[in-house]
Amino acid sequence: MRELIDINTVAQMAGGLTPQHVREKLIKRPDFPRAFRIGGRIMFDRPEVVEWIEMQRVRIDGRTQKSRNKASRASN
9 MRELIDINTV AQMAGGLTPQ HVREKLIKRP DFPRAFRIGG RIMFDRPEVV
59 EWIEMQRVRI DGRTQKSRNK ASRASN
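When you read off a place in the sequence shown, starting at 1, and then add 8, the result is the number in the working numbering.
What the hints contain is simulated information worked out from the structure, not anything from laboratory work.
Using N, Cα and C, we set each Cβ at its ideal position, and we do this for glycine too.
There's no promise every hint is true.
With a straight-line cut-off of 20 Å between C-alpha atoms, the simulated EDC-like cross-links for lysine to aspartate or glutamate are [as the list claims (entries may be wrong)]:
(1) Lys-33 to Asp-14
(2) Lys-36 to Glu-56
(3) Lys-36 to Asp-53
(4) Lys-33 to Asp-53
Computed beta-carbon distance windows for the label pairs [what the hints assert, rightly or not]:
(5) Asp-69 to Asn-16: 30 to 36 Å
(6) Ile-35 to Glu-11: 15 to 21 Å
(7) Arg-31 to Asp-69: 30 to 36 Å
(8) Met-9 to Val-66: 28 to 34 Å
(9) Arg-65 to Thr-26: 33 to 39 Å
(10) Arg-10 to Asp-69: 34 to 40 Å
Produce the complete structure using the sequences and hints provided.
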């Protein structure tokens, strides 16, 4: 069974954004998890949101986890 979360929870998980920011900005990004409606509420799959947040993390040296993985594969 899917673990669903609403837009308020997504906003909190994404660093305390407002639900309005999620609705107006993040949902429009092609890489953001797809939203859907249940009973008029905007919902998301929690694992997809967690994965997206992890991919957005930037280390202090400016490299994301994704770019670090590419760099390590290139050196092998």
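Which hints, by number, does the structure contradict?
-> Structure breaks hint 9 only.
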